[in-house]
Structure formats: C-alpha cells, structure tokens
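**Student:** This is what each chain is made of:
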Amino acid sequence: MNSSILNIQNLCCGYPKFQLSEINMNVRKGSFSGIIGPNGSGKTTLFRAITGTLSIKSGKILLGDKNLRLFSLRQRAQSIAIVSQFIDAGDMSVEDYVLMGRIPYHSRFSFFESEEDFKIAQKYMEMTDTWRFKDRLMSELSGGEQQLAAIARALTQQPELLLLDEPTSHLDITHQVHILNVLQQLNQEMGLSVLMVIHDLNLASEYCDQLILVNQGKIHTQGTPEEVLTFQNIEDVYNTVVVTQNNPLSGKPAIFLASRKVLKEIQEKLAE
Amino acid sequence: MQKKYLHWSLYLAGLIVLLVASVVLSLSVGEMNLGFMDIFSILRKGNGSMEYTILSQIRFPRVLLGIAVGGSLSLSGILLQGVYRNPLVEPYTLGISGGASLGVAVAIVFGLQHLIGSFVLPISGFAGAFLIIFLVYTISSRSGRINIQSMLLSGVMISFIASSLMMLMMATTSSENLHGIIFWIMGSLDEPDMSLIYITLILAFTSLVASYFFVQPLNALRLGEEKARHLGINTDTTIKLLFLLASLLAGVSVAVAGVIGFVGLIIPHLMRLLVGSDYRILLVSSFLSGSIFLVLSDVIARTIISPNELPIGVITGIVGGIVFLLMMGRSSLRTLKNN
Numbered sequence: 000m001n002s003s004i005l006n007i008q009n010l011c012c013g014y015p016k017f018q019l020s021e022i023n024m025n026v027r028k029g030s031f032s033g034i035i036g037p038n039g040s041g042k043t044t045l046f047r048a049i050t051g052t053l054s055i056k057s058g059k060i061l062l063g064d065k066n067l068r069l070f071s072l073r074q075r076a077q078s079i080a081i082v083s084q085f086i087d088a089g090d091m092s093v094e095d096y097v098l099m100g101r102i103p104y105h106s107r108f109s110f111f112e113s114e115e116d117f118k119i120a121q122k123y124m125e126m127t128d129t130w131r132f133k134d135r136l137m138s139e140l141s142g143g144e145q146q147l148a149a150i151a152r153a154l155t156q157q158p159e160l161l162l163l164d165e166p167t168s169h170l171d172i173t174h175q176v177h178i179l180n181v182l183q184q185l186n187q188e189m190g191l192s193v194l195m196v197i198h199d200l201n202l203a204s205e206y207c208d209q210l211i212l213v214n215q216g217k218i219h220t221q222g223t224p225e226e227v228l229t230f231q232n233i234e235d236v237y238n239t240v241v242v243t244q245n246n247p248l249s250g251k252p253a254i255f256l257a258s259r260k261v262l263k264e265i266q267e268k269l270a271e
Numbered sequence: 000m001q002k003k004y005l006h007w008s009l010y011l012a013g014l015i016v017l018l019v020a021s022v023v024l025s026l027s028v029g030e031m032n033l034g035f036m037d038i039f040s041i042l043r044k045g046n047g048s049m050e051y052t053i054l055s056q057i058r059f060p061r062v063l064l065g066i067a068v069g070g071s072l073s074l075s076g077i078l079l080q081g082v083y084r085n086p087l088v089e090p091y092t093l094g095i096s097g098g099a100s101l102g103v104a105v106a107i108v109f110g111l112q113h114l115i116g117s118f119v120l121p122i123s124g125f126a127g128a129f130l131i132i133f134l135v136y137t138i139s140s141r142s143g144r145i146n147i148q149s150m151l152l153s154g155v156m157i158s159f160i161a162s163s164l165m166m167l168m169m170a171t172t173s174s175e176n177l178h179g180i181i182f183w184i185m186g187s188l189d190e191p192d193m194s195l196i197y198i199t200l201i202l203a204f205t206s207l208v209a210s211y212f213f214v215q216p217l218n219a220l221r222l223g224e225e226k227a228r229h230l231g232i233n234t235d236t237t238i239k240l241l242f243l244l245a246s247l248l249a250g251v252s253v254a255v256a257g258v259i260g261f262v263g264l265i266i267p268h269l270m271r272l273l274v275g276s277d278y279r280i281l282l283v284s285s286f287l288s289g290s291i292f293l294v295l296s297d298v299i300a301r302t303i304i305s306p307n308e309l310p311i312g313v314i315t316g317i318v319g320g321i322v323f324l325l326m327m328g329r330s331s332l333r334t335l336k337n338n
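Protein sequence lines, in the order shown, are assigned to chains A and B. Per numbering that gives the first Met the number 0, the very first residue in the first sequence carries number 0; after that it's consecutive. Per numbering that gives the first Met the number 0, the very first residue in the second sequence carries number 0; after that it's consecutive.
None of the hints are false.
Distance windows between CB atoms, simulated:
no., chain 1, residue 1, chain 2, residue 2, range
1, B, Gln1, A, Ile172, 36 to 44 Å
2, A, Leu256, B, Arg329, 49 to 57 Å
3, A, Gln184, B, Asn85, 36 to 44 Å
4, B, Asn85, A, Gln84, 17 to 25 Å
5, B, Ser55, A, Glu114, 48 to 56 Å
6, B, Ser162, A, Asp171, 49 to 57 Å
7, B, Ser140, A, Ser57, 25 to 33 Å
With a cut-off of at most 25 Å between alpha-carbon atoms, the simulated DMTMM-like pairs for lysine to aspartate or glutamate come out as follows:
no., chain 1, residue 1, chain 2, residue 2
8, B, Lys3, A, Glu144
9, A, Lys56, A, Asp164
10, A, Lys260, A, Glu271
11, B, Lys2, A, Asp116
12, B, Lys2, A, Glu125
13, A, Lys118, A, Glu144
14, B, Lys2, A, Glu115
15, A, Lys118, B, Asp277
16, A, Lys122, A, Glu112
Chain B regions said to be covered by chain A (calculated; three or more residues, Cβ under 8 Å):
no., segment
17, 219–227
18, 231–237
19, 276–289
Derived from the structure by calculation, the hints contain no laboratory data. Note that the coordinates shown come from a computational prediction; the quantities given were computed from them, not determined experimentally. By construction, the Cβ of each residue, glycine as well, lies at the ideal position given by its N, Cα and C atoms.
All chains, please: the whole structure from these sequences, using the hints.
**Tutor:** Okay, here's the thing in structure tokens:
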C-alpha cells in the first residue's frame with residue numbers, strides 16, 4: 000500500500016507568465032489525495048501537466064515506475080482517467096457517455112461495443128448510482144448527476160489512477176458530500192488511487208488522507224491533513240487568519256474563518 | 000442485440016429503400032415520362048430505342064452524379080461539423096466553394112476552356128478549392144498543431160476575399176464570360192463526361208468507407224478536443240486527416256457540379272434530429288440522405304418548368320430550407336410538450 004502510484008521529480012512546466020518550478024511530490028498507491036492551494040497558485044497547471052495537456056520543460060512524471068512521457072495516448076488513457084470540472088456531453092444518453100470510457104480499449108476498426116463493455120459500464124454505473132437514469136440525456140441531468148456520470152465514465156476506463164479537477168465546485172453540500180462519499184467508497188473498496196484538485200479545505204481534510212499544498216508555482220507542504228492544514232501554513236499561503244480545530248466527529252482538522260469585523264472586535268478586546 | 004443497433008438497422012434499411020425509390024423516380028420522370036416497370040424492359044432490350052438513349056445518356060448519368068455529389072457534400076458537412084463541434088459549419092464556410100468558383104472564373108475569363116478543352120473547368124475549380132484549403136490549413140497550423148477556431152475564422156475571411164475577387168472578375172469581363180460563370184456557379188448535375196462522374200462516384204464511396212476509420216475519434220470529439228485526448232485519441236492527426244478528407248469531397252463535388260448549397264448543412268442537421276448524434280449511424284445516414292435529397296432535387300429542377308430546367312442550387316436551398324424549418328418546428332413542439 001505504501002508504494003507510489005504517481006511520482007513527480009523536479010518538474011518544471013507552465014506558461015510564459017506562470018511557471019511551476021522544482022515540483023517534487025509523491026502520491027501513494029491506493030491513497031485519496033488532494034491538491035489544495037489559493038487561486039492562481041498552480042493547482043490547475045500541475046493538474047494539466049499530469050494529464051498530459053501541458054508539455055513538460057524538465058523533470059519527469061512517473062506512473063508506478065514508468066515515465067509517463069513514454070506512454071502512448073491510448074496507454075495513458077488506460078492508466079489514468081480524468082474527470083474535468085466542466086462536462087459538456089450534449090445530447091448523448093448517459094449510457095452512451097459512460098461507454099465512451101471503453102474507447103481506449105477498442106481497436107480503430109471495432110465498430111460495436113462488446114458484451115463485456117456493456118457489463119463493465121453497467122457495473123460502474125450501478126456503483127455510482129447512475130444506472131437508474133442511463134437512458135436520460137446528459138444535458139437533462141443536474142450538475143451533481145453529471146459529475147456522477149463522469150465518474151462512472153472514468154471508472155469504465157478501468158484506470159490505476161483517477162484524477163478529478165474540482166469535482167465538487169458549483170454543487171450544493173448534499174451533492175458535494177454524495178460525490179465525495181462515492182469516491183471514498185471506490186477508494187476503499189476497490190483500492191483505486193484518487194487525486195483531486197479541491198478548493199474546500201474542510202472537505203479536503205475530511206476525505207483526503209494526503210494533501211499537497213501548492214503556492215506560487217511551488218509545493219509548500221505535503222503530508223497528512225494534520226500536517227498540512229496548520230494555522231501557520233494556512234496563514235502563510237492564503238494570507239488569511241483562520242482558526243483550526245479538530246472536527247468533533249471525525250477528529251480531522253477543520254478550518255474556521257472570521258470576518259474582518261469580528262477580528263477587529265477581538266483585537267479591541269485584547270487591547271483593553 | 001441492443002435496441003439502439005436495431006433502430007440503426009431500421010433507419011439504414013429505410014434510407015436504402017428511399018434511395019432506390021428516388022433513383023427509379025428520377026429515371027422515369029422527365030420531359031418524356033416512362034413507367035416504372037417500363038424502365039426495366041427498356042434497359043433489358045438495350046441499345047436502339049430513343050427511350051434507352053434518354054435513360055442511359057441523360058438520366059442515368061445525372062442520377063449517378065446526384066448520388067455522388069449529394070453523398071459527398073453531406074458527408075463533408077457532417078465530418079466538418081464533427082471536427083469543429085459546430086453545427087453551423089458546412090463545406091462552403093471554409094471557402095471551398097469560393098475557391099472553386101474563383102478557379103472556374105479565372106479559367107473562363109482567360110478562355111482556358113477554348114485553349115485546352117472543357118475538362119479545364121472542373122480542374123480549375125478543384126485547383127481553386129485546394130489552393131484555399133492549403134491557405135486555410137497553413138494559416139491555422141502552428142508547430143504541427145491546428146487551431147480549430149483560427150481555421151474557421153481564416154476560412155470565412157479567405158472565402159470573402161475569393162468571392163470579392165470573383166465579383167471583380169465578373170464586373171470586368173465580357174457578358175459572354177459572365178453568363179458562363181453564372182451558369183457554372185448555379186450548379187447542375189448535367190455532366191457530359193462519364194469518366195468524371197465515375198471518378199466522383201468512386202471517390203464518394205471510398206471516402207465513406209475511409210470516414211469509418213475515424214468514427215471513434217469523431218464520437219470522442221463530441222466531448223471536446225481535450226477530453227478526446229484523455230480518451231486516447233490523437234486529436235491533431237484526426238483533425239488534419241478529417242479536414243483533408245472533407246475538403247477533398249467538397250472540392251471534387253464543386254469542381255464537377257458547381258456550387259450546390261445547403262446540402263452539407265441541412266442534411267447532417269436533419270439526420271441528427273432523426274437518428275441522433277452517434278457518428279456510427281450519422282456518417283452513412285447523412286451520405287444516403289444527401290444522395291436521396293440531391294437526386295430528388297434534380298427531378299424537381301428538371302420537371303417544374305419543363306422543358307426548361309432550374310438551377311439545382313435553387314431547389315436545394317428552397318426545399319431544403321423549408322423541410323429543415325418544418326423539422327425544427329416539430330422538434331421544438333415535442334420539446335415543449337415534454338416539458
């Protein structure tokens with residue numbers, strides 16, 4: 000369980016006006032990991048480098064012990080499945096959308112899905128509770144349902160690593176918790192390695208067993224939520240005063256914010 | 000068997016029956032009407048009768064060219080719409096017709112058909128179309144990758160430039176040349192050279208088969224270029240090859256039959272409404288429907304003001320537009336009822 004699924008060594012990449020530099024990080028096999036950090040810190044750039052969308056200037060990304068650069072697009076799609084923040088599948092049915100996850104396994108000339116493809120798609124649709132609306136169009140689903148269908152499609156790729164880009168943004172708390180519970184269940188029952196970019200620090204703390212805090216194109220801290228979500232780290236990176244206490248139910252760190260007015264009142268009381 | 004595949008088989012069988020029916024109708028209707036059953040006996044008897052000459056030398060070549068050009072334009076449209084993820088793109092949006100028209104205008108104005116022969120018109124049309132495609136492709140390529148949005152914009156701009164240059168030629172040339180250019184632009188399935196018809200037909204069917212090598216990438220591109228790459232699709236190569244295939248289809252069609260509008264736009268739309276957006280059924284059904292549509296449009300063009308003939312582009316525009324609006328109306332009504 001302690002071997003690495005994703006190992007990034009001295010990675011440098013980015014855009015003319017923003018660069019990630021000297022990124023070194025390790026994601027354990029079977030872990031539920033989160034990349035956190037403020038807006039513009041480089042989370043998405045790092046995510047795009049891992050997905051292969053952004054080319055690497057130097058360093059390497061290893062999946063297991065193999066360099067991702069040596070993977071063909073098809074091999075990459077069989078090993079890493081990606082759930083993007085925005086899902087635009089238009090007028091295709093949920094089942095057709097999920098079956099697209101089998102494309103990396105099809106030869107150029109295979110025209111129809113096999114019985115096995117349908118069985119695999121059904122299995123993951125049942126796991127994500129999307130089988131009940133398999134005939135509905137993707138465009139008719141709510142944001143939460145679309146995310147679940149996207150997760151089912153990603154699982155149908157039968158990957159070693161599932162990458163998600165802010166899977167809970169734009170969702171209400173019911174759907175946020177539902178999606179993360181599904182991912183947690185998949186992580187625990189199937190041993191699937193999950194790495195997601197997430198903004199909500201409390202959700203990251205509650206669900207992830209490993210966090211990578213990114214700031215100004217570099218990795219600030221990585222470790223367990225207890226090691227990463229400290230008062231000092233949050234203040235340094237987010238430049239915001241917070242209170243960290245343990246969640247009374249889970250024992251995980253929870254972040255509390257205070258408005259400027261409240262902070263001023265506290266300062267005045269302390270001055271008295 | 001999956002219900003979806005059964006539906007596809009039924010649609011396909013229906014379209015093949017419709018194509019056969021439209022071919023028989025096209026062979027039998029004209030200035031001289033022939034009974035459906037008579038067609039077979041005339042063809043069996045063979046050479047000698049006037050009816051046989053009408054069938055074999057006038058109507059049959061037109062039907063073959065209608066199948067080839069209708070199928071090619073429609074297939075070209077559906078491929079481009081898939082590549083661009085934009086249902087408003089059609090072969091002519093990218094300047095293919097503008098380039099072909101400019102090529103033909105140059106040939107007519109400089110009298111090349113008198114110097115070399117009538118074969119020069121389709122060749123110059125094809126050369127003009129491919130010059131534009133090359134320009135659009137070069138402008139939109141950056142270090143081996145194609146920028147789809149830039150390709151669309153440059154296509155539209157180059158199309159405008161080509162049209163303006165052609166209008167400049169039309170404004171400054173003799174009235175005889177002007178008549179020749181206008182006649183060609185309006186489009187017609189009347190092509191005397193059988194070898195050109197066979198080339199167009201073979202190219203159309205070969206391209207239909209070739210397009211099925213890209214059916215998975217096209218389906219994956221429905222999710223967007225980046226997501227298709229995440230599914231293991233080499234989107235750069237796919238886009239380049241599909242663009243070339245679509246351009247070749249449209250370029251050859253325009254070169255042989257002139258500018259016949261709306262087929263590449265309307266037929267793919269209609270098929271999406273009827274059979275859905277899966278390219279496995281969409282490619283072949285668009286091809287067949289394009290063929291049916293053009294063969295039937297040619298029947299109307301030949302017969303509506305018989306013995307004179309209307310330009311087929313007029314019929315495709317009017318009939319296609321009305322049918323499309325009716326289908327859209329029905330579809331919107333159904334959506335309203337469902338909501």
